[in-house]
Structure formats: structure tokens, C-alpha cells
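Line by line, the protein sequences are chains W and X. Heads up, the first sequence is in the working numbering, so the first residue is 1 and it goes up one at a time. Heads up, the second sequence is in the working numbering, so the first residue is 1 and it goes up one at a time.
In case anyone wonders, no lab produced these hints; they're calculated from the structure. Warning: the hint list may mix true and false statements.
Using C-beta positions, here's what the derived DEER-type ranges look like [claimed, not checked]:
{"no.": "1", "chain 1": "W", "residue 1": "60", "chain 2": "X", "residue 2": "53", "range": "15 to 25 Å"}
{"no.": "2", "chain 1": "W", "residue 1": "3", "chain 2": "X", "residue 2": "221", "range": "49 to 59 Å"}
{"no.": "3", "chain 1": "X", "residue 1": "12", "chain 2": "W", "residue 2": "94", "range": "29 to 39 Å"}
{"no.": "4", "chain 1": "W", "residue 1": "30", "chain 2": "X", "residue 2": "44", "range": "36 to 46 Å"}
{"no.": "5", "chain 1": "W", "residue 1": "91", "chain 2": "X", "residue 2": "44", "range": "43 to 53 Å"}
{"no.": "6", "chain 1": "X", "residue 1": "149", "chain 2": "W", "residue 2": "8", "range": "25 to 35 Å"}
{"no.": "7", "chain 1": "X", "residue 1": "91", "chain 2": "W", "residue 2": "30", "range": "11 to 21 Å"}
{"no.": "8", "chain 1": "X", "residue 1": "200", "chain 2": "W", "residue 2": "87", "range": "48 to 58 Å"}
{"no.": "9", "chain 1": "W", "residue 1": "32", "chain 2": "X", "residue 2": "92", "range": "17 to 27 Å"}
{"no.": "10", "chain 1": "X", "residue 1": "149", "chain 2": "W", "residue 2": "32", "range": "46 to 56 Å"}
{"no.": "11", "chain 1": "X", "residue 1": "1", "chain 2": "W", "residue 2": "58", "range": "42 to 52 Å"}
{"no.": "12", "chain 1": "W", "residue 1": "60", "chain 2": "X", "residue 2": "221", "range": "29 to 39 Å"}
From the three backbone atoms N, C-alpha and C, an ideal C-beta is built for every residue, glycine too.
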Amino acid sequence: MEKLGVLFGMALVTYFTRYTMIAALGRGMPVLARRWLRYVPPAVLAALVVPAALAPEGHLEVGLPAWAVLAGAVFAWRTHSVLWTILGGMAAFWLLRLLGA
Amino acid sequence: MKDFWRGLVATLPLAPGVVAFGLLYGMMARQVGFSPWEAWAMSLVVHAGSAQFTAVGMWETAGAIPIVLTTLVVNLRHMLLGASVAPYLRGLSPPWKALLALWMSDESYALAIAEYERGRGTHRYFLGANVGIYLAWPTGGLIGSLLSSAIPDPSQYGLDLVFPLGFLGLMTAFLKDRIGVAVALAAGGLALLGTVYLPGKWTIIVAGLLGSGLGVLLEEVEQAWRNSGSFSAWRW
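The whole structure should be built from the sequences, with the hints applied where relevant.
Next comes the structure, spelled out in C-alpha cells:
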């Protein structure tokens, strides 16, 4: 059945992307590479956050998501907590929505 | 075992977002001819949200090979994520590495890498986070495909904001110095430009590579400054 073949192919390439680097970078990494990799998490996380806030539909837009994420940023800065950041940002989203912003 | 549960519990704030998008995925899969069982199976074996949305979106018009290749491209960012977590997994046995790679998602990676950065990360925590997201995603997909009709768009309720907000909360672990802040600002700006002006799915990987490269560059600049003696005048 073709569907299952496609699912299998998708699973295979996905696992490939997840496993190769974890397996390959086991031992003995150049110092420069390790320093570079240390900055990957803030870079990737910011790359996931900023477009979701300012271009949720693919074009620049300062709307509800932007203000909610800005509020979330204040919570993140003050609490360093995932839960509080989500609650704070969502509260801002709903508050602004109810106010008709 | 305690660390495993800590990792699992840490996924709870993100779970409503994961389930909501799982529901949406399940409904969309149903609309392009998947049975609930097939929609569930895709979530169970692929376990990659954005790739699955993309695959379902092109299902009726594209062939098997383009779908699989697109999945590869959409998921290439995982190579970057894997590379960045790899130094923490060095001492693990190959089966552990293979197991942790299996269900690594953006969300569980972010939870684990922030925990490693704070000095509390362990492979069991990572596994717990992986399992937490892995439980939520196919569950949403199955329920969504069974209900199949009238699933509201999660963004209407702000549920799409769960992810950026969660990532924001985790990002603070990496913003301890000004280089970390500069990296985040640069990568965020690049990703925004990429999202607005570039087609395709390369934004995160390009912004991630360039932004982190900037971090190394700034370290070098700072070092050179310090060595030249004029650095102290520039300290904030």
C-alpha cells in the first residue's frame, strides 16, 4: 500500500536528520565547532520565536501575537519559567482580544 | 527515574499546544483521504509536526518521492539541534543515543538543552521530555481524525503561541551575557527576514547557523579587544 510506503520513507528521513549528528559528533570535536554549537540553542530558539510573533502569516504584522509574545518576554525575563511565560503571554492574548484590540 | 519524570512533567505546559495542533493535523489528514488509523500511524512513526502538515498539504497533488524529500528538507533543522545537544550525550551508549534521537522534537530538545545549560540536564530528563511530547502529538492526531469535522483553528485561541512562549521561557537560560543576547537578536532578525522574503523551509537552519556563527565571531572580537587593553573602557 502506497500510503504506508510514504509514511515509512518520511519516518526514515526524519530519523536520519535526528540521529546522524548525535551519532557522528560523539567524540573528539574541534574546539571551534564546540564553541559554535554552544550558540546554536539561543539562535534556533530566537529563530522560532521572532517570526511567530511578528510574521505569523508570513508577512510582517504587529498584531495580537506580537503583543502577547512581548508580554511573555517580560514574564520570561522575570521568572525564567516556561509555565509562567506561557500563562502570561496567553493572558495578554486573551485580555487584548476581549478588549477588542 | 526522578529525572525522567521531571522531563515528562516539564512538557505539560506545552501539551495543550501540541494536542491542539495534533487535532488540526488529524482533521486535515482525514480531509485528504487518511483513515483515522493512518493519520495516527503517521504521527506515531514520523512524529514531526511541521513536516506532517506539509506532507498532508501536498498529499493530493504530489507523489511519494517529493513528499519524502520535502519531509527531509523540513526536518533538516534537526541536524542542527542534534549537533548542539551531541556534546552532552557523548558518554552515552549507542542504544541511548539512538533512543534519544528517535523522538527528539523542537519542544523536547528546547526543554533538554536549557536544562543541560543550567547544569541539571541528564539523558533521562531528555527522554522524559521526548516521551511527553510523543504522547501528546499522536493523541491529538488520533482524536482530530476521529472527530474529523469542525475543529477550530488553534490560532483563534492563541494556542499557536504556546510554542514561541515556551521557547522564550527556555531561551533565558542562554541570555546570560551580551554575546548570547546578540546571537538571539541577530538570529531572530534573520529568521524574520527569511520568513518574509524567502520561500521554502530553510529559515530556521540558516538563521541558526549564522546567528551562532556570529557568537563565535563576537567572542573573537571581545578577546582581541581584551588583549589590546582597550576592552575595559567598552565594558557595559
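Taking the CB of residue 91 of chain X and the CB of residue 30 of chain W, does the distance hold inside 11 to 21 Å? At 19 Å between Cβs, range holds.
Beta-carbon spacing of residue 3 of chain W to residue 221 of chain X - inside the hinted bounds 49 to 59 Å or not: holds (53 Å)
Quick check on a hinted range of 17 to 27 Å for residue 32 of chain W and residue 92 of chain X, using CB atoms only. holds (24 Å)
Quick check on a hinted range of 29 to 39 Å for residue 60 of chain W and residue 221 of chain X, using CB atoms only. This hint holds: roughly 30 Å between Cβ atoms.
Residue 1 of chain X and residue 58 of chain W, beta-carbon distance inside 42 to 52 Å? Once the Cβ atoms are compared, 44 Å apart, the range 42 to 52 Å for residue 58 of chain W and residue 1 of chain X holds.
Could you tell me whether the CB distance from residue 60 of chain W to residue 53 of chain X stays inside 15 to 25 Å? This hint holds: roughly 22 Å between Cβ atoms.
Within 48 to 58 Å: is that where the Cβ-Cβ distance between residue 200 of chain X and residue 87 of chain W falls? violated (34 Å)
Is the distance from the Cβ of residue 149 of chain X to the Cβ of residue 32 of chain W consistent with 46 to 56 Å? Given about 54 Å between the Cβ atoms, the range holds.
Should the hint that residue 30 of chain W and residue 44 of chain X are 36 to 46 Å apart at their CB atoms be regarded as holding? With a Cβ separation near 38 Å, residue 30 of chain W and residue 44 of chain X satisfy 36 to 46 Å, so the hint holds.
Distance restraint evaluation - residue 12 of chain X, residue 94 of chain W, Cβ atoms, bounds 29 to 39 Å: violated (20 Å)
Go ahead and decide if the range 25 to 35 Å is satisfied by the Cβ distance of residue 149 of chain X to residue 8 of chain W. holds (29 Å)
Range hint compliance [Cβ, residue 91 of chain W to residue 44 of chain X, 43 to 53 Å]: With Cβ atoms ~34 Å apart, the hint is violated.
In summary, the structure is inconsistent with hints 3, 5 and 8 from the numbered list given earlier, while agreeing with the others.
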